[in-house]
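Trainee: If you want the building blocks of each chain, they are given just below.
Number of protein chains: 2
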Amino acid sequence: MYKINDNYLKLPGSYLFSNIAKKVAAYKEANPNRDVISLGIGDVTLPLAPAVIEALHSAVDEMAQAETFHGYAPDLGYEFLRRAIIDNDYKKRGVDISLDEVFISDGAKSDSGNIVDIFAQNNTIAVTDPVYPVYVDSNAMSGKTGEYLVDKGCWSNVIYMPCVAENDFVPEIPEKTPDIIYICCPNNPTGTTLNREQLQKWVDYANQNKAVIIYDAAYEAYISEKDVPHSIFECDGAKTCAIEMRSFSKNAGFTGTRLGFTVISKELKSGDVSLNSLWARRHGTKFNGAPYIIQKAGEAVYSDAGKKQTEEQIAYYMKNAGMIRESLTDMGYTVFGGVNAPYIWLQTPEGMKSWDFFDMLLERANVVGTPGSGFGPSGEGYFRLTAFGSAENTKKALERIQSL
Amino acid sequence: MYKINDNYLKLPGSYLFSNIAKKVAAYKEANPNRDVISLGIGDVTLPLAPAVIEALHSAVDEMAQAETFHGYAPDLGYEFLRRAIIDNDYKKRGVDISLDEVFISDGAKSDSGNIVDIFAQNNTIAVTDPVYPVYVDSNAMSGKTGEYLVDKGCWSNVIYMPCVAENDFVPEIPEKTPDIIYICCPNNPTGTTLNREQLQKWVDYANQNKAVIIYDAAYEAYISEKDVPHSIFECDGAKTCAIEMRSFSKNAGFTGTRLGFTVISKELKSGDVSLNSLWARRHGTKFNGAPYIIQKAGEAVYSDAGKKQTEEQIAYYMKNAGMIRESLTDMGYTVFGGVNAPYIWLQTPEGMKSWDFFDMLLERANVVGTPGSGFGPSGEGYFRLTAFGSAENTKKALERIQSL
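Each protein sequence line maps, in turn, to chains A and B. Residue numbers for the first sequence follow our numbering, beginning at 4 and rising by one. Residue numbers for the second sequence follow our numbering, beginning at 4 and rising by one.
Same chains, same label: a pair holds when it works inside one copy or across any pair of copies.
Calculated lysine-lysine pairs in the DSSO-like style (CA-CA distance at most 27 Å, straight line):
| # | residue 1 | residue 2 |
| --- | --- | --- |
| 1 | Lys6 | Lys213 |
| 2 | Lys13 | Lys272 |
| 3 | Lys25 | Lys398 |
| 4 | Lys95 | Lys269 |
| 5 | Lys356 | Lys31 |
| 6 | Lys229 | Lys95 |
| 7 | Lys6 | Lys272 |
| 8 | Lys322 | Lys229 |
| 9 | Lys13 | Lys213 |
| 10 | Lys269 | Lys26 |
| 11 | Lys272 | Lys25 |
| 12 | Lys213 | Lys179 |
| 13 | Lys269 | Lys13 |
| 14 | Lys204 | Lys6 |
| 15 | Lys398 | Lys31 |
| 16 | Lys179 | Lys6 |
| 17 | Lys25 | Lys269 |
If you're looking for bench data, these hints aren't it; they were derived computationally from the structure.
With the hints as extra help, turn the sequences into a complete structure.
Mentor: In structure tokens form, the structure reads like this:
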């Protein structure tokens, strides 16, 4: 008789954003005439950049002719894309990464969920709290998180590192030493980040304790301050302790186009075993590459035109972020983030519960955000708004919140 | 200190096709003037059908305008595609599948590798032998296969069901009862298949023993004989014991375009727990959908023009298959497959080892095939050729083999 993985049964409810989608769908069905504005899930709204569109059309044309048709991609992804990544994201920042240290994927969500595969079950993970739910859920699914404590809203074998207003959203070294440390910088959901010195401290700590850092840099394109590193590999010693994940979703609007990558240096080793080779084995066995035409689109993001156009998109969203920050501050809210990230993290008024604030905003302002408690126990009393809406909708949403 | 998943260290060598690719690359580097023809990896060569190309261009245009831009896809995939699949692949064959039983993915390789996630470690799998390596390797990675026995070329806790000339490539019910049974029909690599009665026997067996069948139907479009089911759900009772996986790679040439799907009926339950809900949870947590433009391309495969054009592609490949079958038979080889599948499975001459035959063919005929032993112990003494080459190359390869 087959046995299911009952770690799945320990998971509380469904995936946060699926939950929100269901709540919103139910509200819309009950109120078909209401115009609901979503500043909830971190989904972009601007169309793909012209350079990307051009590359897509051109790659589609290639797929129409036997001479230029592309079947299975190379295991790690096309060299043209890996080279563009190395040159633009690393070499320009003084980081030396080789071709076989970059793994092209269908996105950072898949990579950050699948990376648990290469680690044993008896690892203790540490997460900043609040945190992107995929890190914890994927570890829970593979039995690394102990039991879910319903009353506390957390797992018995996860080290939560509170990031709250009181500590400026900077995680402190935990009492118990973790094996795997998840850091997302700039942070989702808080929109805050670590500067070079703060991140270097974590790299040193990981090397000293033989911990590995899973570093999610999906939002690096939004960094505006100079002393914030774009890659963890800008820190000394990161190659021997860190795995970096990147996405095209937020810097180039690929949420529905799907492309990302993971960088693992060959210097990252557990005894004799290189984690690069473990990930290569997983990649080669359980994945068959991102589509050729999407990899060509990714390459176009790094062209001169692509860079200029995607920078304009980022500036557009960051203008929204500034508008949200200012308006909410004017209304008397306490807000964080929005300077190096497209997320604004606000404290709910009068200590309202995050989900109560969600319901109120949905029902009375027809605005969708994300309840902070959905990201972890320390997110309670906070709420996330994204800058990814259109400027017009963002303005309208703020006016509605103002009139509450 | 972090601990790696040392199940990975038990895996013998690298993934079969990565291995072959490396061997071929080394040969080409040493012999730059040789024209090597690959009938090895099951990669298609015909360009995408015009209807698919048109859909891709049109979807790319949608991504260029804010009004028609698509961000994150629905968790299970777009309804337009799931509906086309249900209508064409199931309803027309008398199978009733509902919208929330179809999960769109980036391909059957990912799905067949990732499905292990929802099963506990203490399951014993049974595989037909020879077998597509991903089934066994992904179970090995998750610790379900025991130890690798180098001298026997097999795993201590896997039930191998030999499929050889002596039993007409029909797997027999094993002595030990398995928990999870992998069946690929039409079969990769043997090119043979099961008829309705033979498959029904397995469905009945699974239901009686509370086993689950992972049914890989990636090659169903190549079925030419009437009594061969295209879906396991054509068998009575399959909904309570089977998970079906499908691919667009072989029926529409999407090897480099990436699209597939998995069907899990809500009737498939372990106690109270529906496997559909477990897979939905995995899908929602560790995956973010296939690209919108690729899902639109998949929809076009089911249009009238798309069906006609992809049927022509299949006919083209099956003409190659017939040519390989006939030529090799004329040369005195014993061959199987190639009637309901694009694979020809031949016995190596004079009991040569599969890898020796591979080397000989590569070096003396400059033709690449796949050694049978790479698919499992019972593949030793066999060799796979695919019909996915161009007609011209296929003919040329056969002439070279003839002249050996």
